[in-house]
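A.B. asks: Protein chains in written order, with the working numbering: chain A, 1 to 573; chain B, 574 to 964.
A portion of the hints provided could be inaccurate.
To be verified - With a cut-off of at most 27 angstroms between alpha-carbon atoms, the simulated BS3-like pairs for lysine-lysine come out as follows:
#  : chain 1 : residue 1 : chain 2 : residue 2
1  : A       : Lys533    : B       : Lys956
2  : A       : Lys214    : B       : Lys950
3  : B       : Lys880    : A       : Lys223
4  : A       : Lys23     : B       : Lys588
5  : B       : Lys950    : B       : Lys797
6  : A       : Lys161    : B       : Lys956
7  : B       : Lys880    : A       : Lys468
8  : A       : Lys155    : B       : Lys754
9  : A       : Lys220    : B       : Lys806
10 : B       : Lys806    : A       : Lys226
Claimed, not checked - Here are some, though not all, of the chain B residues that point toward chain A, as calculated from beta-carbon distances under 7 angstroms:
#  : residue
11 : Pro585
12 : Glu738
13 : Gly771
14 : Glu776
15 : Ile799
16 : Arg803
17 : Gln927
18 : Ile957
19 : Asp960
Unchecked claim - Take a look, some chain B residues computed to stay more than 12 angstroms from chain A by CB distance:
#  : residue
20 : Lys600
21 : Asp774
22 : Lys831
23 : Tyr839
24 : Leu873
Derived from the structure by calculation, the hints contain no laboratory data.
Beta carbons are placed, not taken as given, at the ideal position from N, Cα and C, and that holds for glycine.
The chain contents come next:
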Amino acid sequence: MKTILIALLRTEFYYLIKYDSIKTSSDRMIMHSFQGFKKLPIDARANLLQISLPLHEQEHEVLLIEYDNKLIGFDNAPKINTKGIYSIVPLTEMASKLLLSKINNNFNFKSHIELSVYKMFENIRGNIHRLEAADQLRLLFNLEKPKEDFSSKIKEATLTKIKNKNLDSNNSIFEHLLDFDITPSFCPEGNIEAFIKSACLGYKKIEEDIYNVKDGDIFKYLKINKEKIEEYSFYEATEFINENLNENELKDKYKTMQEILTENGTYQNAFFMFSYFYHLKKIMEINDYKIEFIEKDIMELKSNNKELASNVIFLLGYTLSIQTISRSLQTYSSSQLLKEKKQLNINHRKKAKSKEIILEITNQKEAIKNVSSKTTNISEKEKKEKLIQLKAEFPSSIDDVLAQIDKKDVTKTTLKKRITVNFLKEKGKQELEKMLGAKNKSEYGQLSSEFQRKWLYNIENPKENWTKEEYKALYYLMDKMANADKKFVEEEKDLIGKFHEELPMSSKINTDDFKVRIKPERAENIIKTMDNKKKEKVKEFLIKMGESDGKFIPSEKKYLERVEKIMLFKHSK
Amino acid sequence: MQWMIEEDRLGPEQKEIINDMHTLKDKAVWIQGHAGSGKSIVLLHALTEFIIRNPKSNVVVVVFTLALVDLLKSGLKQIPALVDINIPVITIYKLNKLLHLGQKFDAIFCDEVQDIPMVLLKRMKNGSNKLIIAGDAAQSIYTSVPIFNERPCSKTEIITELDPEVKTTKTIYRLTRSIIKVLMNVYNDLFADLVHIGREDSEIRLFKANDYFKEIEFSWKESKQINIDRTQKVHAVLFFQKNDLIKYVDTVLNIEGKKKWTNETYPDYSQESRDLRGMNKYLNEKNIPLMYVGNGIGSLDEANQKKKIILMTYHSSKGLDFDSVSLPCIQTDLGSTENENAIILVALTRAKSQLLITFTGSMSSGFKKFLKNTSVKNINDLKIDSDEVIF
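Between the sequences and the hints, there should be enough to build the whole structure, so can you do that?
C.D. replies: Dropping the structure here:
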């Protein structure tokens, strides 16, 4: 008897048993007997399975039947009946167990297909599903295909992941990327989570314990700046991190991490590519794999870096596969089947460099300071006149404020202090509107100081975060210093004002807070236990204070020495 | 909580069970499967199918705990076909009362059937025209069902009593790769869903301490930090028995420099010390972000809103999910518990993302079976060399 193999869904098999015959299709037929099939090379067998088996079913949902070739009938399509079934061939051992528990165990079961053949078939099938997802996602966002070299590496990495191998430093960063798919408990949630996971990936690649990341400076930097990074879109956060890490003392460590992640420079944007991947994948996971939740991030990335967007989308689609995202993809389809259809919002604002407006902090501070100094010691009448004049000097709309900012010159040193108009418009809108509505100059001054402290100085001094107590202790010291020479000159007053503006607060502070003065011992103790960076700041202010009126008199010097002693500074000016 | 899966996204096994349901007429149906195989979801879809075919029928959904009542109610709300229909979801105790009073139902849909006693099973059978039960006899976690004070029915007893059509779903949909790997050390017939590669895995960490105080100090520090760092998520600390829970609370209070909840010695706590409602109040007063939830005390929603870490027993946590879970004190011997594996399975399968397991001395033999391939770190060895910190 000459037999062939026919692939059937388990439900089709049930109907065949129940009603004695069913129609099938010629592409489900493998024109080999089971014995003949077993003699074929592994890849040939895997490819035959790929061609014949239904596309989306699990291993125990499909079976092969050995069927008598002569008994295949025809009724507009090939027709088979129970009489022609010679045996059942399950796909895997597990499928065999499951089928045996579900169907009549009186049937003649053959041993399952070789595991190596099935695994190869599964890989071929998996690759088709993953490519489909990557491609559909790419088309949805109108992005180019990533370079062949890149997609090949992801495919290789996926195969490694499927094989569940233990990785070491010889494996590619992409293999480590797909392998590292936990969120370690020390990762705070939000934007920084993805950046920290990318840092962990670097540790993993060099076979270091990922839990050491939390003792590293990059982790500490990200954690200190968590709130700020959270206020940005993810793209803005990448820019903020890149600029700041490149320009502070962490520069070398940042470079080391990038070198590890880029595999010596092959993928320059690796840190951000991987961070984007982790970020978008997490958003998808917590939102039932709905694409609408990542739309804005992708559009923003696309408008700023199309190649990176292509790579990230490929990574995301290929990893999640079509089974996971097909439903969400369908919602963007133009099919008449759907009641509600989604459209991509193409108006996600581009954060283009050409439109980026640079804010020069020093000039802004000067402007505010000028406003403040103009308002002291004047009569009511003069105040009214000045107010009218001042109002005229003030911009009348947020756009005007920002247009003024746009005119400022950009220097290398101010680049790191830049802030975008879009950012200000979105995040600082409420405060800006409040500023414009100020009733008088003092209110304007106060509001603008608050505004700057909140939105600008925090960027300038990202590592500092002064508590109310520390602020008061420092204020106490400055007050003492200013009074050390029994006079209180204007410059010193200005410095105290400046100090108010310059220190980023962890909590709001207002003039009422100073009604309760801090005790000297407490103030000294607070200063004593501050971190070195803050101590440096204290010293810097006190020296400025002493020098502010052009001289440094002995009483001031003596006072500074006392403070220095408390703070254990070596400075001996 | 979005956990209900629409029918077109169910696995083939699950769909098949639902499709077959109406062909079985009045015959009882028993949906079996491991933790994470989606039994409860299949049960609710079977209910939907039943309601669509029998719109005027009088049905009830029965579960074991009040927490599960909330969970299943929210699941039902997510099924479009049931949006305007009020389906009662009640505990086994309430159902027992209703049946005892003679109420009849067209259909009863009972989850966690392995934990109900024979008296109720009989009442359910007699009080309904159609009985659909879900649960796995191997997962029974009670030796004696609370309030009934009777042992739960065995698998044989259920089959003898109901002669049900048994439908089994073997594919694990909910659990992550690492958790499945741990479970497979004991349950070797688990079968993971295909679409796993892109899904985030769980972090499993296992730590050993040399003394109890150090263990809890470490475990509490980790829980407290994660509660600060991940405020949008739900965190829980689970215990096999309430005594361990009370001792843990006292140790945490001690660590935080607060007066202990009880001055009594473990495990001989009086009724006063075991007043967990009072303990919640005390923890609140002392500003410790912990809340006991179980047996009608505390609430998952309140704990979530107030950003508190949930304290629960393994038994009460059954059927629930948390983002991170701590399992301290796994040295505790599970004693003469018959279904030791089932209880440990419940504890190990509650965490979606992070699972922290700690013990003092050596872990109990039950846990050892599951965690035999999980590497153990000693909390004393956690200090790292600065050379190992690269960036």
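A.B. asks: Would you mind marking each hint as holding or not holding in the structure?
C.D. replies: Results of checking the hints against the structure:
The hinted pair formed by Lys533 (chain A) and Lys956 (chain B) meets the criterion: a straight-line CA distance of about 25 angstroms does not exceed 27 angstroms. Among the hinted pairs, Lys214 (chain A) with Lys950 (chain B) is consistent with the structure: their alpha-carbon atoms are about 17 angstroms apart, no more than 27 angstroms. Simply put, Lys880 (chain B) and Lys223 (chain A) have alpha-carbon atoms about 20 angstroms apart, close enough for the 27 angstroms limit, and the pair holds. Under the criterion of a C-alpha separation no larger than 27 angstroms, the hint pairing Lys23 (chain A) with Lys588 (chain B) is consistent with the structure, at around 23 angstroms.
Using a Cα cut-off of 27 angstroms, the hinted pair Lys950 (chain B) and Lys797 (chain B) holds, with the two alpha carbons roughly 20 angstroms apart. In summary, the hint linking Lys161 (chain A) to Lys956 (chain B) is not supported, as the alpha carbons are separated by about 31 angstroms, beyond the 27 angstroms threshold. For the proposed pair Lys880 (chain B) and Lys468 (chain A), the alpha carbon gap of about 25 angstroms is at most 27 angstroms, so the pair holds. Straight-line distance between C-alpha atoms of Lys155 (chain A) and Lys754 (chain B) comes to about 25 angstroms, which keeps the hinted pair within the 27 angstroms bound.
Simply put, Lys220 (chain A) and Lys806 (chain B) have alpha-carbon atoms about 22 angstroms apart, close enough for the 27 angstroms limit, and the pair holds. At roughly 17 angstroms between alpha-carbon atoms, Lys806 (chain B) and Lys226 (chain A) fall within 27 angstroms of each other, so this suggested pair holds. Checking Pro585 (chain B) against chain A by beta carbon gives a least distance of about 5 angstroms; that is within 7 angstroms, so the hint holds. Evaluation of the Glu738 (chain B) hint against chain A yields a violated restraint, the C-beta minimum of about 13 angstroms exceeding 7 angstroms.
At its closest, the beta carbon of Gly771 (chain B) sits 4 angstroms from a beta carbon of chain A; the interface hint therefore holds under the 7 angstroms criterion. Because the smallest distance between the Cβ of Glu776 (chain B) and any Cβ of chain A comes to about 4 angstroms, under 7 angstroms, the interface hint for this residue holds. Hint on Ile799 (chain B) holds. Least Cβ distance to chain A is approximately 5 angstroms, under the 7 angstroms limit. Look at Arg803 (chain B): its Cβ gets to within about 5 angstroms of chain A, closer than 7 angstroms, so that hint holds up.
Because the beta carbon of Gln927 (chain B) sits about 5 angstroms from the nearest beta carbon in chain A, less than 7 angstroms, this interface hint is met. The closest approach between the C-beta of Ile957 (chain B) and any C-beta of chain A is roughly 5 angstroms, which is under the 7 angstroms cut-off, so the hint is satisfied. Given hint, Asp960 (chain B) at the interface with chain A, is violated; its Cβ is 10 angstroms from that chain's nearest Cβ, farther than 7 angstroms. With a least beta-carbon separation of about 18 angstroms from chain A, Lys600 (chain B) lies farther than 12 angstroms from that chain, consistent with its non-interface assignment.
Its closest Cβ contact with chain A, about 5 angstroms, brings Asp774 (chain B) to no more than 12 angstroms, contrary to its assignment away from the interface. Residue placement check: Lys831 (chain B) keeps its beta carbon more than 12 angstroms from all beta carbons of chain A (closest about 23 angstroms). No beta-carbon of chain A is positioned within 12 angstroms of the beta-carbon of Tyr839 (chain B); the least distance is around 28 angstroms. Once the 12 angstroms rule is applied to beta carbons, Leu873 (chain B) is consistent with being away from chain A; the minimum gap is 18 angstroms.
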